[in-house]
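Residues per chain are reported as follows:
There are 2 protein chains.
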Amino acid sequence: MPSYVTSITCSRCNWRCDPGTIQNLCPVCASPLLVDYDLEAIDRAVTKQSIAQRPPTMWRYEEFLPVPDPRQIVSLGEGFTPLIAVGSALTELGLPNLWVKDDGLNPTGSFKARGASCGISMAKALGIKAVALPTAGNAGGAWSCYGAAAGIAVHVAMPEDAPAINHLECKLYGAQLTVVKGLISDAGKLIAKGIRENGWFDAATLKEPYRIEGKKTLGLEIAEQMGWQMPDAILYPAGGGVGLIGIWRGLLQLQAMGWVKGNLPRLIVVQAEGCAPIVKAFREGKAISEFWEGASTFSSGLRVPKALGDFLVLQAVRETGGTAIAVSDADSGAMMQLLARRTGIFAAPEGAATLTAAAQLREQGVLAPNDRVVLINTGTALKYQEALEQICN
Amino acid sequence: MPSYVTSITCSRCNWRCDPGTIQNLCPVCASPLLVDYDLEAIDRAVTKQSIAQRPPTMWRYEEFLPVPDPRQIVSLGEGFTPLIAVGSALTELGLPNLWVKDDGLNPTGSFKARGASCGISMAKALGIKAVALPTAGNAGGAWSCYGAAAGIAVHVAMPEDAPAINHLECKLYGAQLTVVKGLISDAGKLIAKGIRENGWFDAATLKEPYRIEGKKTLGLEIAEQMGWQMPDAILYPAGGGVGLIGIWRGLLQLQAMGWVKGNLPRLIVVQAEGCAPIVKAFREGKAISEFWEGASTFSSGLRVPKALGDFLVLQAVRETGGTAIAVSDADSGAMMQLLARRTGIFAAPEGAATLTAAAQLREQGVLAPNDRVVLINTGTALKYQEALEQICN
Numbered sequence: 001m002p003s004y005v006t007s008i009t010c011s012r013c014n015w016r017c018d019p020g021t022i023q024n025l026c027p028v029c030a031s032p033l034l035v036d037y038d039l040e041a042i043d044r045a046v047t048k049q050s051i052a053q054r055p056p057t058m059w060r061y062e063e064f065l066p067v068p069d070p071r072q073i074v075s076l077g078e079g080f081t082p083l084i085a086v087g088s089a090l091t092e093l094g095l096p097n098l099w100v101k102d103d104g105l106n107p108t109g110s111f112k113a114r115g116a117s118c119g120i121s122m123a124k125a126l127g128i129k130a131v132a133l134p135t136a137g138n139a140g141g142a143w144s145c146y147g148a149a150a151g152i153a154v155h156v157a158m159p160e161d162a163p164a165i166n167h168l169e170c171k172l173y174g175a176q177l178t179v180v181k182g183l184i185s186d187a188g189k190l191i192a193k194g195i196r197e198n199g200w201f202d203a204a205t206l207k208e209p210y211r212i213e214g215k216k217t218l219g220l221e222i223a224e225q226m227g228w229q230m231p232d233a234i235l236y237p238a239g240g241g242v243g244l245i246g247i248w249r250g251l252l253q254l255q256a257m258g259w260v261k262g263n264l265p266r267l268i269v270v271q272a273e274g275c276a277p278i279v280k281a282f283r284e285g286k287a288i289s290e291f292w293e294g295a296s297t298f299s300s301g302l303r304v305p306k307a308l309g310d311f312l313v314l315q316a317v318r319e320t321g322g323t324a325i326a327v328s329d330a331d332s333g334a335m336m337q338l339l340a341r342r343t344g345i346f347a348a349p350e351g352a353a354t355l356t357a358a359a360q361l362r363e364q365g366v367l368a369p370n371d372r373v374v375l376i377n378t379g380t381a382l383k384y385q386e387a388l389e390q391i392c393n
Numbered sequence: 001m002p003s004y005v006t007s008i009t010c011s012r013c014n015w016r017c018d019p020g021t022i023q024n025l026c027p028v029c030a031s032p033l034l035v036d037y038d039l040e041a042i043d044r045a046v047t048k049q050s051i052a053q054r055p056p057t058m059w060r061y062e063e064f065l066p067v068p069d070p071r072q073i074v075s076l077g078e079g080f081t082p083l084i085a086v087g088s089a090l091t092e093l094g095l096p097n098l099w100v101k102d103d104g105l106n107p108t109g110s111f112k113a114r115g116a117s118c119g120i121s122m123a124k125a126l127g128i129k130a131v132a133l134p135t136a137g138n139a140g141g142a143w144s145c146y147g148a149a150a151g152i153a154v155h156v157a158m159p160e161d162a163p164a165i166n167h168l169e170c171k172l173y174g175a176q177l178t179v180v181k182g183l184i185s186d187a188g189k190l191i192a193k194g195i196r197e198n199g200w201f202d203a204a205t206l207k208e209p210y211r212i213e214g215k216k217t218l219g220l221e222i223a224e225q226m227g228w229q230m231p232d233a234i235l236y237p238a239g240g241g242v243g244l245i246g247i248w249r250g251l252l253q254l255q256a257m258g259w260v261k262g263n264l265p266r267l268i269v270v271q272a273e274g275c276a277p278i279v280k281a282f283r284e285g286k287a288i289s290e291f292w293e294g295a296s297t298f299s300s301g302l303r304v305p306k307a308l309g310d311f312l313v314l315q316a317v318r319e320t321g322g323t324a325i326a327v328s329d330a331d332s333g334a335m336m337q338l339l340a341r342r343t344g345i346f347a348a349p350e351g352a353a354t355l356t357a358a359a360q361l362r363e364q365g366v367l368a369p370n371d372r373v374v375l376i377n378t379g380t381a382l383k384y385q386e387a388l389e390q391i392c393n
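Chains as they are written, first to last, in this note's numbering: chain Z, 1 to 393; chain H, 1 to 393.
I should point out that these hints are in silico values taken from the structure, not numbers from a laboratory. Only a predicted model underlies this, so the values are computations on that prediction, with no experimental measurement involved. Positions of the beta carbon are idealized from the N, C-alpha and C atoms, including for glycine. Some hints could be false.
One-sided excerpt, in silico: chain Z residues whose CB lies under 8 Å from chain H [what the hints assert, rightly or not]:
| no. | residue |
| --- | --- |
| 1 | LEU76 |
| 2 | GLU169 |
| 3 | LEU388 |
Chain H is nowhere near these chain Z residues, computed Cβ spacing over 10 Å in every case [what the hints assert, rightly or not]:
| no. | residue |
| --- | --- |
| 4 | GLY285 |
| 5 | PHE291 |
| 6 | PRO369 |
Let the hints inform the model, and build the full structure from the sequences given.
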């Protein structure tokens, strides 16, 4: 199988380069690079019917992904996670057509497996021997996992107060873990220094072009699982926001190919009240966010005070007629419990935040009673023992 | 869809009853009841090809399962977990044809989701309002989960020293959790008292006929994922042993239908040195095991001093030419690390125990170099934070 990638293009200045070269940020303007495909060639090469026959992982969409040779794919069964109807179990929300995309059922227990599987596969294809990244927690675990599977060294810097299990998974996988007193932004400075000094490949969020391609499969799966229809809205808990940008780009590609008809779903950003830089920028009509001082929330994945891709997230939200909303930890904790007790879904606090947001947006009339709404649960609550102790005890 | 169940039959005295009635142990001899099917009718109703088209959950085998009406199925995406080839990543083992069936990628992070999904679906079908069970940990989480999804009350008794996450998941799901100073056997006494006093349905291991049917899908999936071939050996970490009995019965059914040819795989029981009642009974040529005093291992799922289905486990092992082996926690901890670092699989200690056993059985010549060997990883290490802290720190 050849790759259908036509070029790597800067998300801001349109600088371009050929696929197959090692790239980080745009060499001209230091913005994220994105991957473009020959969609017509993909459309000739594969059909919805042939995809339906393939194994239930995100690699069923391999033509939409950048890996040139399937032997380079590093896979542990990630993706094609269940889309679970929950509207009838949560009637008080007034959203009968409500689904949870349960990405807790991934290797490493979070949606970060998608980005790491694609990112590490491409690192392997490009001959990279060591990668480095800062993380709020789950990305560190996921890249440590896929790095181990690929025989690629992984250097991770993580806040001290990330869930203990995130530290432990990096250690068990044999990653080099540096613990940081501070936030992911502080971890980022430390990793940048290590990269300068040691020549590691920078695998931080959006600092290489392929993590987002893995995340894109979330959008492709939602389309396929809904019978190649678009939902009306997708609620996404945004830390770095890559998943939302990925879903947006994936659905745009399907739309351009005519595989799904009609408007894109409204893409809705959910953040925590204790760290809501993108919500603030959205409300203020700004194109980029400001660094959020004193970030604090038990949704550790949302403790991202400034996202490199904030401008793309804001663009996706605005172009699709979406919105952005911040919710409290108290409400999200209550929603974790409600979701577990009514549906059996054991959602991460980040996932529960989207349920909290859905309830509020329905009350405000932003979501209509008949809207078909998908919530992204980014991980399993098994990774949030500290938060569970707060909620349950 | 009608159910293809023909009768419920005692595993010891052959007492029989019709499907559709609420049953626990055999009313004559107090042994476990097993479910029989009209295999010819299943063979007429479904093909390998039609199964291949279905969603990737254990319910793709619905004809092999007892639920009479698909609307009664309580599903969160359980089953059809990945079968991952690991032989080439672990060359020093000398087993090039080695796979891990990674059941950590289930709802609730363990294979217990299979039994609970089937058991709770049947409880719902039979109109049961409250179930009760003792647990070493993961079954409690799984039944709490599916009970919550079905609106069935769940009463769980669990050892105090089960992993903290097992206590927390039961609590978040709203189960009534009783903490026991002691083992699952002590929890069992407490639950039996609650059942007598309150009329709860007894959902303890093998005390109702349907949990094992869910576990059976492990065997069906292994057959399908290997192209409807049998492996040469399956290594299973046995606490209560229901999964092994289920795999055995599932493969016998496929064999009887002619869907798989040749001999059944050797079924190999793996236990921990600190709690190995079935291994002891196997070595001593006994038909049943004795209560293991002072059970102790960090593989909490193996802390089962006496299994109700021990005689069936021993029969399955002997009839398939298998064996039974006990491994140390130190070796299993090292294997958790090796497996993570080489393959990316984040196995529960119980799963790692099967890798330890495979290495030893290969050294002893019990497994031959070209044997096709499947290890059952029963859960994710995310649920074993205490064990990880021991291994990593």
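Hints, verified against the model:
no., hint, verdict
1, LEU76, "holds, 5 Å"
2, GLU169, "holds, 7 Å"
3, LEU388, "holds, 4 Å"
4, GLY285, "holds, 39 Å"
5, PHE291, "holds, 32 Å"
6, PRO369, "holds, 24 Å"
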